[in-house]
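Undergrad: Residue numbers (the working numbering), protein chains in the order written: chain A, 11 to 122; chain B, 39 to 153.
Just so you know, these hints were derived from the structure itself, not from any lab. Certain hints may be false.
[Stated by the list, open to error] Straight line, CA to CA, 27 Å or less: simulated DSS-like cross-link-like pairs of lysine-lysine:
1) B:Lys-45 - A:Lys-78
2) B:Lys-45 - A:Lys-114
3) A:Lys-15 - A:Lys-114
4) A:Lys-114 - A:Lys-66
5) A:Lys-114 - A:Lys-81
6) A:Lys-64 - A:Lys-78
[Unchecked claim] Pulled a few chain A residues facing chain B out of the computed Cβ check, cut under 8 Å:
7) Phe-56
8) Ser-59
9) Ser-62
10) Gly-106
11) Leu-110
All of these numbers come straight from a predicted model, not from anything done at the bench. Every residue, glycine too, gets a C-beta built ideally from N, C-alpha and C.
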Amino acid sequence: DQQVKQNSPSLSVQEGRISILNCDYTNSMFDYFLWYKKYPAEGPTFLISISSIKDKNEDGRFTVFLNKSAKHLSLHIVPSQPGDSAVYFCAALDSGNTPLVFGKGTRLSVIA
Amino acid sequence: SAVISQKPSRDICQRGTSLTIQCQVDSQVTMMFWYRQQPGQSLTLIATANQGSEATYESGFVIDKFPISRPNLTFSTLTVSNMSPEDSSIYLCSVEGWAGPGELFFGEGSRLTVL
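Please work from the sequences and hints to get the whole structure.
TA: Written out as structure tokens, the structure is:
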């Protein structure tokens, strides 16, 4: 049973437009959510996170939104740049120290 | 950030053989984590390796199949034993970051293909 779901395996966006990556979760005990970015032949790198006590966290071009009632979070990238082309993983954590749970990832392609 | 080096970066292995993956971190860390990413799947934690104690394995993973060593605070190995094609995956070593809960630094991964 997948606790963190990224239902879109891929997404294509024009350079300069907004990229929206979505993630749903099922475990109501999750209280911390993260996004990781992965380039080919590299390990994932931490991008941005949000605590369940917030509904938005912004860092430059990246904003994560959390809707707890819908058990849904999204990552917005604006404006999108070709260097943003990568696989984005959503991850969730229950601060009772269970392991970080990852989604399957969404491959973002930003087209110049 | 921590710099994590893994060897090998990729390998092609024969069914029934074993392969050991090495992970070197540029700083001393208490815990090192080993993840697996099967094709088209999410990253799944195999085990947590603490220096000076036995590794802690997650449900579905056992020491006989994935023995782990942690001889010091900067190094760990993961062995994939008696490999089958189902073990074809990317294996990733990681350590905790310091920015907040859940932040991990990952190595570049070791892509194993089992024929």
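Undergrad: Regarding the pair Lys-64 of chain A and Lys-78 of chain A, is the alpha-carbon distance no greater than 27 Å?
TA: holds, 9 Å
Undergrad: Keeping to a limit of 27 Å between CA atoms, is the pair of Lys-45 of chain B and Lys-78 of chain A held or broken?
TA: Given that 27 Å is the threshold and the Cα spacing comes to 41 Å, the pair is violated.
Undergrad: Holds or violated: is the Cβ of Ser-62 of chain A closer than 8 Å to a Cβ in chain B?
TA: violated, 11 Å
Undergrad: Quick check on the hint: Phe-56 of chain A CB to chain B CB, less than 8 Å?
TA: holds, 5 Å
Undergrad: For the pair supplied as a hint, Lys-45 of chain B and Lys-114 of chain A, is the alpha-carbon distance within the 27 Å limit?
TA: Answer holds: Lys-45 of chain B to Lys-114 of chain A is near 24 Å, not above 27 Å.
Undergrad: Holds or violated: are the alpha carbons of Lys-114 of chain A and Lys-81 of chain A at most 27 Å from each other?
TA: holds, 17 Å
Undergrad: Interface hint check: Leu-110 of chain A, Cβ to nearest Cβ on chain B, cutoff 8 Å. Holds or violated?
TA: Holds, about 5 Å.
Undergrad: So, as I understand it, the hint says Ser-59 of chain A touches chain B; can you test that by seeing if any CB pair is closer than 8 Å?
TA: OK, holds: Ser-59 of chain A within 8 Å of chain B, min 6 Å.
Undergrad: Under the criterion of a CB-CB separation shorter than 8 Å, is Gly-106 of chain A in contact with chain B as hinted?
TA: violated, 11 Å
Undergrad: What's the verdict on Lys-114 of chain A and Lys-66 of chain A, does the C-alpha distance respect the 27 Å limit or exceed it?
TA: holds, 23 Å
Undergrad: Decide if the proposed pair is consistent with the structure: Lys-15 of chain A and Lys-114 of chain A, CA atoms, cutoff 27 Å inclusive.
TA: Measuring from Cα to Cα gives roughly 7 Å; hence the hint holds.
In summary, the numbered hints that this structure violates are 1, 9 and 10.
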